[in-house]
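Quick note on our numbering: the sequence shown kicks off at 87 and runs consecutively.
I should point out that these hints are in silico values taken from the structure, not numbers from a laboratory.
Any given hint might turn out to be false.
Unchecked claim - Calculated pairs, DSS-like style, for lysine-lysine (alpha carbon to alpha carbon, straight line, at most 30 Å):
(1) Lys-420 <-> Lys-162
(2) Lys-212 <-> Lys-143
(3) Lys-338 <-> Lys-370
(4) Lys-420 <-> Lys-209
(5) Lys-327 <-> Lys-338
(6) Lys-360 <-> Lys-209
(7) Lys-143 <-> Lys-186
(8) Lys-186 <-> Lys-212
(9) Lys-191 <-> Lys-138
(10) Lys-212 <-> Lys-185
(11) Lys-209 <-> Lys-338
(12) Lys-162 <-> Lys-212
(13) Lys-185 <-> Lys-209
(14) Lys-212 <-> Lys-191
(15) Lys-360 <-> Lys-370
(16) Lys-338 <-> Lys-360
(17) Lys-338 <-> Lys-212
(18) Lys-370 <-> Lys-327
(19) Lys-209 <-> Lys-162
(20) Lys-212 <-> Lys-327
(21) Lys-185 <-> Lys-162
Fair warning: this is a prediction, and the values are worked out from it, not measured in the lab.
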Amino acid sequence: MAAHNKVQSEWYTTICGECTYTLPVRYQELAPIGQGAFGAVIRATDRETGQKVAIKKILRPFQTSTHAKRTYRELKLLIRLNHQDADVVQLYNVFTPEKKLNDFKTLYLVFNFLDYNLNQIIKRSKPLSEDHIRLIIYSILRGLKFIHSAGIMHRDLKPANIGIDRELNVAILDFGLSRVISDDYQTGYVATRWWRAPEIFLNWERYDEKLDIWSVGCMMAELIVRRPIFRGQNHIDQLHKIMDITGTPDTKTIDEICAGEARSYISRMKPIPKQDFNQLFGYKYNATINTPIAGVSPEGVDLLDRLLSFDHRQRPTAEQALAHPFLHVHHNPKDEPTLEPTVDEHQDAVHTIEEWRSIIWQIVEEFIPPSWSNNDHSDNS
(Lines of atoms letter the chains of each structure in order from A and count residues from 1; the text may use other names and numbers.)
(Lines give C-alpha, C1' and ligand atoms only; values in the text may rest on other atoms or scores of the structure.)
Protein backbone atom coordinates (compact mmCIF):
# COMPACT_ATOMS: atom_id res chain seq x y z
CA MET A 1 0.00 0.00 0.00
CA ALA A 2 1.14 3.55 -0.69
CA ALA A 3 -1.15 5.72 1.40
CA HIS A 4 0.11 8.45 3.68
CA ASN A 5 1.52 6.35 6.52
CA LYS A 6 1.31 2.80 5.20
CA VAL A 7 4.79 2.92 3.63
CA GLN A 8 5.96 6.50 4.03
CA SER A 9 6.48 7.37 7.72
CA GLU A 10 8.33 10.70 7.71
CA TRP A 11 7.60 13.67 5.46
CA TYR A 12 8.98 17.12 4.73
CA THR A 13 7.79 20.11 2.74
CA THR A 14 10.06 22.15 0.47
CA ILE A 15 10.03 24.36 -2.61
CA CYS A 16 11.75 23.19 -5.78
CA GLY A 17 11.49 25.31 -8.90
CA GLU A 18 8.08 26.96 -8.88
CA CYS A 19 6.24 24.31 -6.85
CA THR A 20 5.89 23.25 -3.24
CA TYR A 21 6.40 19.55 -2.57
CA THR A 22 5.52 17.42 0.43
CA LEU A 23 7.58 14.26 0.13
CA PRO A 24 8.73 11.23 2.11
CA VAL A 25 12.18 11.90 3.55
CA ARG A 26 13.60 9.07 1.44
CA TYR A 27 13.54 11.47 -1.55
CA GLN A 28 16.35 14.05 -1.28
CA GLU A 29 18.69 16.17 -3.47
CA LEU A 30 15.84 17.68 -5.48
CA ALA A 31 16.28 19.54 -8.76
CA PRO A 32 13.58 20.85 -11.11
CA ILE A 33 13.14 19.18 -14.51
CA GLY A 34 10.11 20.89 -15.98
CA GLN A 35 6.53 21.98 -15.55
CA GLY A 36 3.48 21.82 -17.78
CA ALA A 37 -0.21 22.55 -17.52
CA PHE A 38 -0.99 19.33 -15.65
CA GLY A 39 2.16 18.44 -13.76
CA ALA A 40 5.54 19.52 -12.40
CA VAL A 41 8.52 17.15 -12.48
CA ILE A 42 11.65 17.12 -10.34
CA ARG A 43 14.67 14.88 -10.04
CA ALA A 44 15.48 13.30 -6.69
CA THR A 45 17.72 10.70 -5.12
CA ASP A 46 15.93 7.83 -3.41
CA ARG A 47 17.98 7.31 -0.25
CA GLU A 48 16.54 3.81 0.21
CA THR A 49 17.79 2.50 -3.14
CA GLY A 50 20.53 4.96 -4.06
CA GLN A 51 19.02 5.57 -7.48
CA LYS A 52 17.90 8.75 -9.13
CA VAL A 53 14.17 9.06 -9.75
CA ALA A 54 11.79 11.53 -11.35
CA ILE A 55 8.85 12.71 -9.23
CA LYS A 56 5.77 14.17 -10.89
CA LYS A 57 3.33 16.25 -8.89
CA ILE A 58 -0.08 16.19 -10.54
CA LEU A 59 -1.32 19.78 -10.54
CA ARG A 60 -4.94 20.31 -9.53
CA PRO A 61 -5.96 16.65 -9.94
CA PHE A 62 -9.48 17.32 -8.65
CA GLN A 63 -10.08 20.84 -9.91
CA THR A 64 -12.90 19.58 -12.17
CA SER A 65 -14.35 16.19 -13.04
CA THR A 66 -12.40 16.41 -16.33
CA HIS A 67 -9.14 16.94 -14.42
CA ALA A 68 -10.02 14.03 -12.14
CA LYS A 69 -10.80 11.71 -15.06
CA ARG A 70 -7.53 12.68 -16.74
CA THR A 71 -5.66 11.91 -13.50
CA TYR A 72 -7.41 8.56 -13.26
CA ARG A 73 -6.56 7.64 -16.85
CA GLU A 74 -2.90 8.53 -16.50
CA LEU A 75 -2.49 6.60 -13.24
CA LYS A 76 -4.44 3.57 -14.43
CA LEU A 77 -2.55 3.33 -17.73
CA LEU A 78 0.85 3.78 -16.07
CA ILE A 79 0.06 0.88 -13.75
CA ARG A 80 -1.20 -1.23 -16.64
CA LEU A 81 1.94 -0.54 -18.68
CA ASN A 82 4.43 -0.96 -15.83
CA HIS A 83 7.17 -3.22 -17.18
CA GLN A 84 10.88 -3.51 -16.53
CA ASP A 85 11.91 -3.74 -20.19
CA ALA A 86 9.35 -2.31 -22.61
CA ASP A 87 10.85 1.10 -23.53
CA VAL A 88 8.08 2.72 -21.49
CA VAL A 89 8.59 4.83 -18.37
CA GLN A 90 8.43 2.74 -15.18
CA LEU A 91 6.19 3.69 -12.26
CA TYR A 92 8.11 3.10 -9.03
CA ASN A 93 5.81 4.64 -6.45
CA VAL A 94 2.53 6.50 -5.97
CA PHE A 95 1.72 8.49 -2.85
CA THR A 96 -0.19 11.34 -1.29
CA PRO A 97 0.70 13.21 1.92
CA GLU A 98 -2.98 13.45 2.87
CA LYS A 99 -4.08 11.02 5.59
CA LYS A 100 -7.80 10.83 4.83
CA LEU A 101 -9.92 10.47 1.72
CA ASN A 102 -11.84 13.66 2.48
CA ASP A 103 -8.55 15.61 2.55
CA PHE A 104 -7.13 13.97 -0.59
CA LYS A 105 -6.03 16.70 -3.00
CA THR A 106 -2.38 15.97 -3.84
CA LEU A 107 -0.91 13.13 -5.90
CA TYR A 108 2.70 12.24 -6.66
CA LEU A 109 4.06 9.69 -9.14
CA VAL A 110 7.65 8.39 -8.94
CA PHE A 111 9.38 7.11 -12.08
CA ASN A 112 12.74 5.81 -13.20
CA PHE A 113 14.98 8.74 -14.12
CA LEU A 114 16.38 9.28 -17.60
CA ASP A 115 19.19 11.77 -18.13
CA TYR A 116 17.78 13.51 -21.19
CA ASN A 117 14.82 13.77 -23.48
CA LEU A 118 15.01 13.43 -27.24
CA ASN A 119 14.53 17.15 -27.75
CA GLN A 120 17.75 17.81 -25.85
CA ILE A 121 19.59 15.19 -27.92
CA ILE A 122 18.41 16.71 -31.21
CA LYS A 123 19.56 20.17 -30.17
CA ARG A 124 23.11 19.04 -29.46
CA SER A 125 25.77 20.42 -31.79
CA LYS A 126 26.88 16.96 -32.92
CA PRO A 127 24.52 15.17 -35.37
CA LEU A 128 23.38 11.65 -34.57
CA SER A 129 24.77 8.82 -36.65
CA GLU A 130 22.47 6.66 -38.74
CA ASP A 131 23.04 3.78 -36.31
CA HIS A 132 21.93 5.96 -33.40
CA ILE A 133 18.84 7.09 -35.31
CA ARG A 134 18.07 3.46 -36.12
CA LEU A 135 18.35 2.39 -32.48
CA ILE A 136 16.25 5.27 -31.17
CA ILE A 137 13.44 4.74 -33.70
CA TYR A 138 13.52 0.99 -33.08
CA SER A 139 13.20 1.56 -29.33
CA ILE A 140 10.30 4.00 -29.71
CA LEU A 141 8.46 1.58 -32.01
CA ARG A 142 9.19 -1.28 -29.60
CA GLY A 143 7.59 0.75 -26.81
CA LEU A 144 4.65 1.60 -29.06
CA LYS A 145 4.12 -2.05 -29.95
CA PHE A 146 3.81 -2.73 -26.22
CA ILE A 147 1.44 0.21 -25.65
CA HIS A 148 -0.73 -0.49 -28.69
CA SER A 149 -0.95 -4.21 -27.88
CA ALA A 150 -2.74 -3.18 -24.68
CA GLY A 151 -5.24 -1.25 -26.78
CA ILE A 152 -3.84 2.12 -25.69
CA MET A 153 -3.01 5.22 -27.75
CA HIS A 154 -0.39 7.61 -26.41
CA ARG A 155 -1.72 10.66 -28.34
CA ASP A 156 1.10 13.04 -27.41
CA LEU A 157 4.32 11.61 -28.79
CA LYS A 158 7.00 14.25 -29.36
CA PRO A 159 10.73 14.53 -28.62
CA ALA A 160 10.13 16.04 -25.18
CA ASN A 161 8.14 12.92 -24.24
CA ILE A 162 10.88 10.46 -25.18
CA GLY A 163 13.33 9.90 -22.34
CA ILE A 164 16.82 8.67 -23.10
CA ASP A 165 19.80 7.83 -20.92
CA ARG A 166 23.52 7.90 -21.55
CA GLU A 167 23.50 4.35 -22.90
CA LEU A 168 20.75 5.30 -25.40
CA ASN A 169 18.09 3.36 -23.50
CA VAL A 170 14.75 4.88 -24.45
CA ALA A 171 11.47 5.27 -22.57
CA ILE A 172 8.18 6.73 -23.74
CA LEU A 173 7.05 9.30 -21.16
CA ASP A 174 3.93 11.23 -20.15
CA PHE A 175 0.68 9.33 -20.50
CA GLY A 176 -1.42 12.32 -19.47
CA LEU A 177 -3.27 12.40 -22.81
CA SER A 178 -3.37 8.64 -23.34
CA ARG A 179 -6.54 6.60 -23.49
CA VAL A 180 -7.87 3.17 -24.36
CA ILE A 181 -8.65 2.75 -28.04
CA SER A 182 -12.35 2.40 -28.79
CA ASP A 183 -14.74 2.75 -31.69
CA ASP A 184 -16.40 5.72 -30.05
CA TYR A 185 -15.73 9.30 -31.05
CA GLN A 186 -12.44 10.52 -29.66
CA THR A 187 -11.54 13.79 -28.01
CA GLY A 188 -10.37 16.20 -30.68
CA TYR A 189 -7.47 17.97 -28.98
CA VAL A 190 -4.47 15.70 -28.78
CA ALA A 191 -0.73 16.05 -29.31
CA THR A 192 1.40 19.12 -29.67
CA ARG A 193 0.66 20.57 -33.10
CA TRP A 194 3.96 19.96 -34.92
CA TRP A 195 3.81 16.20 -34.28
CA ARG A 196 0.05 15.88 -34.78
CA ALA A 197 -1.24 13.49 -37.46
CA PRO A 198 -3.25 14.99 -40.36
CA GLU A 199 -6.35 12.91 -39.60
CA ILE A 200 -6.81 14.93 -36.42
CA PHE A 201 -7.32 18.02 -38.57
CA LEU A 202 -9.30 16.22 -41.26
CA ASN A 203 -11.60 14.00 -39.25
CA TRP A 204 -11.56 15.62 -35.85
CA GLU A 205 -13.11 12.81 -33.81
CA ARG A 206 -12.25 9.67 -35.77
CA TYR A 207 -8.73 8.34 -35.42
CA ASP A 208 -6.85 5.32 -34.13
CA GLU A 209 -3.41 4.31 -32.90
CA LYS A 210 -1.89 5.18 -36.30
CA LEU A 211 -1.71 8.79 -35.11
CA ASP A 212 1.18 7.65 -32.87
CA ILE A 213 2.94 6.16 -35.90
CA TRP A 214 2.79 9.54 -37.64
CA SER A 215 4.42 11.14 -34.60
CA VAL A 216 7.25 8.59 -34.78
CA GLY A 217 7.76 9.58 -38.42
CA CYS A 218 7.94 13.24 -37.43
CA MET A 219 10.57 12.42 -34.81
CA MET A 220 12.60 10.27 -37.20
CA ALA A 221 12.66 13.10 -39.74
CA GLU A 222 13.63 15.50 -36.96
CA LEU A 223 16.51 13.26 -35.91
CA ILE A 224 17.76 13.35 -39.51
CA VAL A 225 17.44 17.07 -40.30
CA ARG A 226 17.70 18.23 -36.65
CA ARG A 227 14.61 20.41 -36.64
CA PRO A 228 10.84 19.81 -36.66
CA ILE A 229 9.73 19.37 -40.27
CA PHE A 230 6.10 20.49 -39.92
CA ARG A 231 6.22 23.80 -38.04
CA GLY A 232 2.70 25.11 -38.54
CA GLN A 233 1.53 28.32 -36.89
CA ASN A 234 -2.07 27.13 -36.54
CA HIS A 235 -4.26 24.19 -37.59
CA ILE A 236 -4.65 25.29 -41.22
CA ASP A 237 -1.00 26.20 -41.59
CA GLN A 238 -0.02 22.87 -40.03
CA LEU A 239 -2.04 21.00 -42.64
CA HIS A 240 -0.38 23.04 -45.40
CA LYS A 241 3.09 22.35 -43.97
CA ILE A 242 2.31 18.63 -44.04
CA MET A 243 0.98 18.63 -47.61
CA ASP A 244 3.95 20.71 -48.80
CA ILE A 245 6.00 17.56 -48.17
CA THR A 246 3.55 14.66 -48.51
CA GLY A 247 1.55 16.20 -51.34
CA THR A 248 -2.22 16.50 -51.43
CA PRO A 249 -4.19 13.24 -51.32
CA ASP A 250 -6.14 12.13 -54.38
CA THR A 251 -9.88 12.69 -54.68
CA LYS A 252 -10.78 9.15 -53.60
CA THR A 253 -8.64 9.41 -50.46
CA ILE A 254 -10.06 12.83 -49.62
CA ASP A 255 -13.58 11.43 -49.82
CA GLU A 256 -12.67 8.47 -47.61
CA ILE A 257 -10.61 10.07 -44.83
CA CYS A 258 -11.79 13.69 -44.67
CA ALA A 259 -14.93 14.96 -42.98
CA GLY A 260 -17.20 17.89 -43.76
CA GLU A 261 -15.41 21.21 -44.06
CA ALA A 262 -11.98 19.58 -44.31
CA ARG A 263 -13.09 17.59 -47.36
CA SER A 264 -14.40 20.72 -49.07
CA TYR A 265 -11.28 22.72 -48.18
CA ILE A 266 -8.76 20.21 -49.54
CA SER A 267 -10.87 19.47 -52.63
CA ARG A 268 -10.67 23.15 -53.59
CA MET A 269 -6.88 23.31 -53.16
CA LYS A 270 -4.51 23.34 -56.08
CA PRO A 271 -2.82 19.90 -56.09
CA ILE A 272 0.60 19.83 -54.44
CA PRO A 273 3.10 17.18 -55.61
CA LYS A 274 4.84 14.99 -53.07
CA GLN A 275 8.45 15.89 -52.43
CA ASP A 276 11.29 13.45 -53.03
CA PHE A 277 11.95 11.91 -49.61
CA ASN A 278 15.36 10.70 -50.73
CA GLN A 279 16.44 14.27 -51.50
CA LEU A 280 15.06 15.49 -48.18
CA PHE A 281 16.23 12.71 -45.88
CA GLY A 282 18.66 10.50 -47.82
CA TYR A 283 22.44 10.42 -47.55
CA LYS A 284 24.26 13.75 -47.88
CA TYR A 285 27.88 13.99 -48.99
CA ASN A 286 30.43 16.77 -49.21
CA ALA A 287 32.78 17.21 -52.12
CA THR A 288 35.80 15.51 -50.57
CA ILE A 289 34.41 12.60 -48.55
CA ASN A 290 32.79 9.54 -50.10
CA THR A 291 31.04 8.50 -46.88
CA PRO A 292 27.73 10.07 -45.86
CA ILE A 293 27.92 13.03 -43.50
CA ALA A 294 24.17 13.13 -42.84
CA GLY A 295 20.90 11.47 -43.78
CA VAL A 296 19.85 7.83 -43.84
CA SER A 297 20.06 4.96 -46.30
CA PRO A 298 17.40 4.20 -48.92
CA GLU A 299 15.94 1.67 -46.48
CA GLY A 300 15.67 4.38 -43.82
CA VAL A 301 14.03 6.74 -46.30
CA ASP A 302 11.54 4.02 -47.22
CA LEU A 303 10.58 3.45 -43.58
CA LEU A 304 10.16 7.18 -43.03
CA ASP A 305 8.03 7.45 -46.16
CA ARG A 306 5.72 4.76 -44.79
CA LEU A 307 5.52 6.29 -41.31
CA LEU A 308 4.56 9.64 -42.84
CA SER A 309 1.82 8.34 -45.11
CA PHE A 310 -0.84 11.06 -45.27
CA ASP A 311 -3.54 8.38 -45.32
CA HIS A 312 -3.39 6.74 -41.88
CA ARG A 313 -4.65 3.47 -43.38
CA GLN A 314 -1.40 3.18 -45.35
CA ARG A 315 0.86 3.59 -42.32
CA PRO A 316 2.33 0.42 -40.81
CA THR A 317 1.41 -0.71 -37.34
CA ALA A 318 4.21 -0.56 -34.78
CA GLU A 319 4.66 -4.31 -35.19
CA GLN A 320 4.89 -4.02 -38.98
CA ALA A 321 7.31 -1.10 -38.75
CA LEU A 322 9.60 -3.09 -36.45
CA ALA A 323 9.89 -5.73 -39.17
CA HIS A 324 11.08 -3.17 -41.74
CA PRO A 325 14.55 -3.92 -43.23
CA PHE A 326 15.96 -0.65 -41.84
CA LEU A 327 15.48 -2.02 -38.31
CA HIS A 328 16.38 -5.67 -38.92
CA VAL A 329 19.64 -5.48 -36.95
CA HIS A 330 17.63 -4.83 -33.76
CA HIS A 331 14.33 -6.57 -34.54
CA ASN A 332 13.61 -9.66 -32.45
CA PRO A 333 9.89 -10.44 -32.02
CA LYS A 334 10.68 -12.66 -29.03
CA ASP A 335 12.21 -9.66 -27.25
CA GLU A 336 9.40 -7.19 -27.98
CA PRO A 337 6.90 -7.52 -25.12
CA THR A 338 3.15 -7.23 -25.56
CA LEU A 339 0.07 -7.12 -23.34
CA GLU A 340 -3.50 -8.28 -23.54
CA PRO A 341 -5.94 -5.50 -24.49
CA THR A 342 -6.98 -3.30 -21.59
CA VAL A 343 -10.53 -3.41 -20.29
CA ASP A 344 -11.38 -0.42 -18.09
CA GLU A 345 -14.81 -0.08 -16.57
CA HIS A 346 -14.22 3.63 -15.91
CA GLN A 347 -12.79 4.50 -19.36
CA ASP A 348 -15.86 6.38 -20.53
CA ALA A 349 -17.61 6.68 -17.19
CA VAL A 350 -19.16 9.90 -15.95
CA HIS A 351 -18.41 10.48 -12.26
CA THR A 352 -18.51 13.39 -9.88
CA ILE A 353 -15.26 14.81 -8.53
CA GLU A 354 -15.86 13.05 -5.22
CA GLU A 355 -16.46 9.72 -6.95
CA TRP A 356 -13.23 10.11 -8.94
CA ARG A 357 -11.42 11.08 -5.73
CA SER A 358 -12.58 7.88 -4.06
CA ILE A 359 -11.65 5.72 -7.06
CA ILE A 360 -8.16 7.22 -7.30
CA TRP A 361 -7.64 7.01 -3.53
CA GLN A 362 -8.32 3.29 -3.68
CA ILE A 363 -5.81 2.84 -6.51
CA VAL A 364 -3.17 4.70 -4.50
CA GLU A 365 -3.97 2.60 -1.41
CA GLU A 366 -3.58 -0.64 -3.37
CA PHE A 367 -0.46 0.28 -5.34
CA ILE A 368 2.47 -2.08 -4.81
CA PRO A 369 5.88 -0.85 -6.04
CA PRO A 370 7.33 -3.21 -8.65
CA SER A 371 10.09 -5.50 -7.43
CA TRP A 372 12.67 -4.07 -9.84
CA SER A 373 12.18 -0.52 -8.48
CA ASN A 374 14.34 -1.46 -5.50
CA ASN A 375 17.35 -2.34 -7.64
CA ASP A 376 20.41 -0.34 -6.62
CA HIS A 377 21.36 2.09 -9.40
CA SER A 378 23.50 4.32 -7.27
CA ASP A 379 26.16 4.48 -10.00
CA ASN A 380 23.70 6.28 -12.32
CA SER A 381 24.87 9.76 -11.48
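Hint by hint, work out which the structure violates, then give me just those numbers in ascending order.
2, 3, 4, 8, 10, 11, 12, 13, 14, 17 and 19
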